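Listed below are the residues making up each chain.
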Amino acid sequence: MTLVRIRDLRVAFDGVPVLHGINLDISAGETVGLVGESGCGKSVTWLAALGLLPAKARITGTVETAGSDLVSGGRSVLETIRGGRIAMIFQDPSSALNPVRRVGQQIAEALRLHRGLRGAAARAEAISLLDRVGIPDAARRLDLYPHEFSGGQCQRVMIAMALAGQPDLLIADEPTTALDATIQAQILALLTEVQRETGMAMVFISHDLGAVGAVCDRVAVMYAGRIVEEARREPLFAAPRHPYTRGLFDAIPRLDGPRSRLVPIPGTVPDPKNTPAGCAFSPRCARATSLCASERPTLLPQSDGRALACFHPVPAATLVSREGVFA
Amino acid sequence: MISFVLIRLLRAVLTVLLVMTFAFFVLRLSGDPALIMLGPDAPTEAVAAFRAAWGLDDPLWRQYLSYLHGIVTLDFGVSMRDRSPALDLVLERIPATLALTIPALILKVAIGIPAGVYAALHRQSIADRGVILLSVMGFTLPSFVLGLLLVLVFAVQLGWFPSGGQDSWRHAVLPVLTLSIGGIGILARFSRSAMIEVLGQPYIRTALAKGVSWRDVVWKHALPNASVPIVTIIGFMIGSLVAGAVVVESIFSWPGVGRLLIVSVANRDLAVVQAILMVIAATMVLANLCVDIAYGLLDPRLRARTTAA
Ligand SMILES: Nc1ncnc2c1ncn2[C@@H]1O[C@H](COP(=O)(O)OP(=O)(O)O)[C@@H](O)[C@H]1O
Ligand SMILES: [Mg+2]
Chain A
8 MTLVRIRDLR VAFDGVPVLH GINLDISAGE TVGLVGESGC GKSVTWLAAL
58 GLLPAKARIT GTVETAGSDL VSGGRSVLET IRGGRIAMIF QDPSSALNPV
108 RRVGQQIAEA LRLHRGLRGA AARAEAISLL DRVGIPDAAR RLDLYPHEFS
158 GGQCQRVMIA MALAGQPDLL IADEPTTALD ATIQAQILAL LTEVQRETGM
208 AMVFISHDLG AVGAVCDRVA VMYAGRIVEE ARREPLFAAP RHPYTRGLFD
258 AIPRLDGPRS RLVPIPGTVP DPKNTPAGCA FSPRCARATS LCASERPTLL
308 PQSDGRALAC FHPVPAATLV SREGVFA
Chain P
18 MISFVLIRLL RAVLTVLLVM TFAFFVLRLS GDPALIMLGP DAPTEAVAAF
68 RAAWGLDDPL WRQYLSYLHG IVTLDFGVSM RDRSPALDLV LERIPATLAL
118 TIPALILKVA IGIPAGVYAA LHRQSIADRG VILLSVMGFT LPSFVLGLLL
168 VLVFAVQLGW FPSGGQDSWR HAVLPVLTLS IGGIGILARF SRSAMIEVLG
218 QPYIRTALAK GVSWRDVVWK HALPNASVPI VTIIGFMIGS LVAGAVVVES
268 IFSWPGVGRL LIVSVANRDL AVVQAILMVI AATMVLANLC VDIAYGLLDP
318 RLRARTTAA
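In the order they appear, the protein sequences are chains A and P.
Remember, the numbering used here sits 7 above the position in the first sequence when you count from 1.
Remember, the numbering used here sits 17 above the position in the second sequence when you count from 1.
Check the hints yourself; a few may be wrong.
[Said to hold, decoys possible] Covered by chain P, according to a simulated footprint, are these stretches of chain A (three or more residues, beta-carbon under 8 angstroms): (1) 84–90; (2) 95–107; (3) 115–126; (4) 163–177.
Read the hints as simulated data drawn from the structure, not as lab findings.
Owing to the predicted nature of the structure, the values given are computational and were not obtained by experimental measurement.
In this text, a Cβ means the ideal position worked out from N, Cα and C, and glycines have one as well.
Please construct the entire structure, taking both the sequences and the accompanying hints into account.
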C-alpha cells in the first residue's frame, strides 16, 4: 500500500529552481534512504511535501497521501497530516525543541492534538514515551527544559514527540549528523527498534551511506535537485551504477584492509543559480562525454529493477564487494 | 531565587550610590550656586553668607560625606529657593509626571507590540511597510519637534486640545501623544524583528511539523520566545517613567518632575537637583531589577544562569 506518492515535485526559491521534479513513492512499513551530498535537495523535498518551507518557496507538483494533495491542500489539510500521519525529526535536535517550554509540555501538545489526551492522561503517556525512547528517570525529567538535555537526549525527545502522534511515516532528516559517533549508533538503533515495534514507514535522509545501508530497504540517490539512481539496498550496494553513487561509495573512509583508499568526488555540488546544462554531474564525472554536457539523461527503469539517470553508467559487471559498508 | 534578588538589590543600591557620587562632583564643578542664585552683581557679603549657610565653604570631602549621609537617610536638605525639604518637592511632582508617562507607556505597549507582531506575520505586506515607515518616523522625530507639530495642528489649527496647562484630561492628550509616538515606533520595530527572528528558528518548524495550528505556533511557541527582547525595551521605558518627560513637560508647561529639574538646574538648586537625580536613578535601577526578574521567568536558560551567578 502506498502511503505517500510524490509526483513531479518542484521547488524554486526566488525564481531559482532547486528541486527539478521528484517522483517518489513510500509504501507502508518500508524504510527509504535519501542520500546525496549537502545541498542536493533532500531536506527541501520533505519540507516542501509538508509545507514547511518559507513563503518565498514556489512549490508545484503533487504529494498525495490519505486521499488528499498536500501541495494544493492548504493549511487545514497540512495540519491534519503533520505529526499524525507524517512526523518529521531534524538534524540539530538541540535547537529543534522550544527552549522556553518543558519537554513534557511539548510532548503533551502532540498527544492532545493527535490523540486527544489531556492532563494526567497526557502526562502518563508522555512519561511512557520518554521511557520508551530511553530517557532515564522520565517522570522527573518531563518537567525539565531542553537545555537540560544533551544533544542525543534531545533527539530522543524529538523521537518521543514524533511517536506521540502514532504516525504512519517518520521523516528523519539527518537525525544523527549533529551527534557524536557512539550516540549516532544509539539513535539509529532506537529508530530501527521503534520502527519494528510500530510498523511505521521511515524516510531516512543522510549523507552517510553506512547508516543508510544499516537501516534502509530502498535507497534514492539525489544530486542537484534530482533523483539520479534508485534501487533496493542490496543491488545498489552490490553494484552502484550511477557514477555519482559510485563516487559516494568510494568517498567512504574505510578502515578494512590495505586496499581501502579514500577517493573524494572532485569538485563541489553546483550552485542552483548556475547548474550545468545536460547532466548536472557531468563536470565532476570521469565517465562524462560531450553528450552528457549537452543532454540531460532521464531517470529510466533498468532491467534489474533499479532506476537510473545516466548515459554512461558504471558497467554492471564491475562488482565490488561492499560488505564493509553494511557494518 | 532569594539570593538572586538580594544580590541584584545590593548591586542596585551600589549603582545608585555611584550615580549620585558622579552627580555630586559634576554639580560642584559646573558653577558657583551662590553666584547663580544671587546673581553676578550680588554684594560679596551676601554671597559669603549664602555660601556659609549652605556649607559651600567646607572642604569638598566633608561636603561629600554629609551628602552621602543625606542620601542614606533620604535627607537631601532643603531647597535653596523656597526652603522646603527637597525630596518632598520632588515627590509631590511625581504624580503629575506619572499622569503623562503611565498612559503613554500603556499606549506604547498596547499599540507598539501588536503592530510589530502583525507586521512580522505579514511580511512585505502593505501593513508591514506602513509599520516600518511609521516606526522610523516615530523614533527619528525628536520629541520637541513632534510636540510642536502636534500643538500646531491640534491646538492652533483645529483647536481640539489645549496647548498647555493641567486643568483637565484634555490637557494631557497632546503631551501623552508626544510621549508615546516614538515609543510605539521603537516597540513596533523591536517586536517585529524579534518575531521575525523567532519565526525562523528550528523549533517553530518542529511545532508546525507536529501539527500545531499556525495560531498556536504564534501564540504559544513564537511570542514567549520573542518576549525576552521586547521586555528589555519595556524595562527601559519603565525606567524612564519619571525622567522621560523633561522635554514634553517643558513644551506643554506641565508641572511635573521634568520641569522641576529644568528650573532647579538653571538655578543651581543643588538639593532639589540631587533629590531628582536620586529618584530618577532609583526608578531606573528598580526597572532594571524587574527586567532581570522577568528574564528569569520568561527564559529558563537565563534563570539557570542568573541563579548560578
Ligand atoms: N530557505 C531556503 N532559501 C533558499 N534556498 C534554500 C532554502 N533551503 C534550501 N535552499 C537551497 O536548496 C538547495 C537544497 O537544499 P537542501 O534540501 O537543504 O539540501 P540537503 O540535500 O543538504 O538537505 C540548496 O541549494 C539550498 O541552498
Ligand atoms: Mg538537509
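Hints and how they fare:
| no. | hint | verdict |
| --- | --- | --- |
| 1 | 84–90 | holds (count 5) |
| 2 | 95–107 | holds (count 9) |
| 3 | 115–126 | holds (count 4) |
| 4 | 163–177 | holds (count 5) |
Figure legend: structure checked against the earlier numbered hints; every hint is met.
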